[in-house]
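Colleague: This is what each chain is made of:
There are 2 protein chains.
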Amino acid sequence: MIGNVIVGQSGGPTAVINSSLAGVYQTAKERGAQKVYGMLHGIKGLIDGLYVDLDTKIKTDMDIDLLKRTPSSFLGSCRYKLPEVTEDEEVYEKIFRQLNNLDVKYFFYIGGNDSMDTIKKLSDYAETKGSDIRFIGVPKTIDNDLAITDHTPGFGSAAKFIASTTKEIIRDGLVYDYPTISIVEIMGRNAGWLTAAAALARGEDCEGVDLIYLPEKVFDIDHFIDKVSDLAGQNRSLVIALSEGIKVADGRYVFELADHVDVVDAFGHKQLSGSAKFLSDKIAAELGVHTRDIEFSTLQRCAAHMSSRVDITEAYNVGGAAVKAAFEGDTGKVVVLKRISDDPYMCITEIADVHKIANIEKKVPLEWITDDDYVTQDMINYIHPLIQAELSPIMVDGLPRHLNINRDVH
Amino acid sequence: MIGNVIVGQSGGPTAVINSSLAGVYQTAKERGAQKVYGMLHGIKGLIDGLYVDLDTKIKTDMDIDLLKRTPSSFLGSCRYKLPEVTEDEEVYEKIFRQLNNLDVKYFFYIGGNDSMDTIKKLSDYAETKGSDIRFIGVPKTIDNDLAITDHTPGFGSAAKFIASTTKEIIRDGLVYDYPTISIVEIMGRNAGWLTAAAALARGEDCEGVDLIYLPEKVFDIDHFIDKVSDLAGQNRSLVIALSEGIKVADGRYVFELADHVDVVDAFGHKQLSGSAKFLSDKIAAELGVHTRDIEFSTLQRCAAHMSSRVDITEAYNVGGAAVKAAFEGDTGKVVVLKRISDDPYMCITEIADVHKIANIEKKVPLEWITDDDYVTQDMINYIHPLIQAELSPIMVDGLPRHLNINRDVH
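In the order they appear, the protein sequences are chains A and B. Going from the first sequence to this note's numbering is simple: count from 1 and add 1237. Going from the second sequence to this note's numbering is simple: count from 1 and add 1237.
In isolation and in its complexed conformation, chain A is listed as follows (with noise of 0.2 Å):
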């Protein structure tokens, strides 16, 4: 008797959230679980009492192939980070009864830093119940910014979006006569992987972009100014990549720049982005050429479409490791991702430390960013072998087809 199981997503979308959902699915029934459940809308969810049976849900070979191609979370996500058990045992309390209600014994989060935030408060909280529940992380982030993984599920697919798009972005960029700007927004925050990604549009059939601006590095408006000057001076249509977390050098985000910018949102976020609307603009006024501003958005997290089978594969993999490593004994842990070679790309999963993983932020190292506003080739080395490869999408009627778990919405 192995036990019950339950699953849950949380945080930021990814493009491949689900194939680490349908690796833990699978990989626990093919070894014995009786039930799987799902949380909706991850930890918080659970805590309200709702959950899934998962075999509800997802009933056919079908049905799973579906799901690796579906992006966002398929069970519903939340952002909620646990308090310390000092602050609200309750909280803890409530969520433990409903796992033994359940008759839980292995715990799966799928999730970035919160995510694994939450495995560690949980299993630290068995240990001390002596409970025999046992808490493992399955992470995912397009941002690539979780410590000791070689990378995470999700930023693969999200790099092989950017790449993608971005060839086709220079391609309409570099069509008139005359000298166009194009600058490209990309996500990251404090971590300039993905911005990164867009150097992989360069190859024989393109000629890539032009600049490329980290926010592990300080920005600066005069010499990005003068070298979009001196570029487009030679009469060339440029395409640049940025992070929308570049700040300058007195620590302010570029879009907070703009005179008239909502840095806040109703709910005292910071908003994020409108640094290339801002430059584009600046570099309209200043240098009298055309100019255009394209931000990917929510697209690079959810172009499922678009996805890396590398990545989808490794998601399931890592998802699939987790339960593994749970119905061997293993709690408080997180699996990771260790590259063991570059060319033939080869990559295991290990089991890691939660403790080691939780609220570490992994940012580009500054030797892979070049002074003349690029980087270099060893991260593209790093990121080449994580866009190969396609799991083309079912498409059904002229669309790529999803899996929804309110089936037939229609």
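It is worth saying that the hints were derived from the structure and are not from the lab. Among the clues, some could well be false.
The list treats identical chains as one, so a pair stands whether inside a single copy or across any two.
Stated by the list, open to error - Only pairs whose alpha carbons sit at most 35 Å apart, straight line, appear in this in silico DSBU-like list of lysine-lysine: (1) Lys1318 / Lys1464; (2) Lys1519 / Lys1484; (3) Lys1484 / Lys1561; (4) Lys1464 / Lys1484; (5) Lys1519 / Lys1318; (6) Lys1331 / Lys1454.
Keeping the supplied structure of chain A fixed, place chain B upon it in accordance with the hints.
Modeller: What follows is chain B alone, placed relative to chain A:
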């Protein structure tokens, strides 16, 4: 002896404008044309003597297949409207001198309204001068706003990208357990065809967008806020599609209502964007809900990786039909698409008088827009066949491969 052919591309790029180029090139070669020249950067390039022999750029069957999958204008584009011959005959003399020097007998121009105007003026001029050069227009525009033709090549692929990506955004947007309002801004200054394509997202596996706003109908902000307030009050997350060109009753664009918007760029062009951002900020402030705004921007016209095979094929056929018409003696004409039936979808090419198509803008019929801020089934039936089937990208090293006129750029 058939004589020589020249072909150019003009106006904003699309995902399939190069498929029309392939259709012109291959059909002309098959029907015995000696040389097929390509104007570089359209008629403006030709005036400056810029052209290539396409045999030096398209060498293999693989090149043709890549060309069909390459977004944006392979030959480069221009934005140039020919002056009236009474204003400036010299430019006409220059063009005809170039054509005669190259022994060109057939002139094809792939483009939107301005390009059809170019065909009209050049064929009229040829007639007054007794020139035997034949001029045929090959329509393209993602906006689908050309008269006479059932639809324009380029529209179906943009519609497919919009519907596909909207499905992904809907999955992403419905993920949290509190209302999130996502507003997607779609191209189309005066015609709402592309925005209407967001309606295709709805299906068995997708809730669809909740509201659709086209520029053909006056946009009432108070009504909009009430509607969103009402729906969000039911604790629902919403995805709303709106055209960049929506206007309020006094004729101003919605984005012009923002305090700080720079509506005119360095060249005096009105920049048509920001309506989603404006409304998103307004809803967040007035209703206190989470909002986000997404602009598809350039992606909707260059996303060749999600092109419609129906569209690619029609674009090719329209190019081929133009050659056939010219070789059989037509001039001052444009190839149009005529839909024979919806189900099964059948569509043929016909030849129309360019005087009847140039400078006329086709808008969405008002009866296809519903009173509850959506579009009718007639509208959906109209677009549905145009997004069907795929021409899968040829993936090389993880990315869609294109044909670059400057081969081996790196």
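Colleague: Hint by hint, say whether it matches the structure.
Modeller: Hint-by-hint comparison with the structure:
1. Only between protomers do Lys1318 and Lys1464 lie at most 35 Å apart by alpha-carbon distance; the minimum there is 33 Å, versus 43 Å within a single protomer.
2. For the identical chains of this complex, Lys1519 and Lys1484 are neighbours both inside a copy (16 Å) and across copies (27 Å), given an alpha-carbon limit of 35 Å.
3. In the homo-oligomer, the alpha carbons of Lys1484 and Lys1561 never lie at most 35 Å apart, since the shortest distance is 43 Å inside one protomer and 58 Å across protomers.
4. Taking CA atoms no more than 35 Å apart as the test, Lys1464 paired with Lys1484 passes inside one copy only; the shortest distance there is 18 Å, against 38 Å between copies.
5. In the homo-oligomer, the alpha carbons of Lys1519 and Lys1318 lie at most 35 Å apart only across protomers (29 Å), although the nearest pairing inside one protomer, at 39 Å, exceeds that limit.
6. Taking the closest pair of Cα atoms, Lys1331 and Lys1454 never come within 35 Å of each other, the shortest separation being 44 Å inside a single copy and 52 Å across copies.
Hint check: violations occur at hints 3 and 6; the rest are consistent with the structure.
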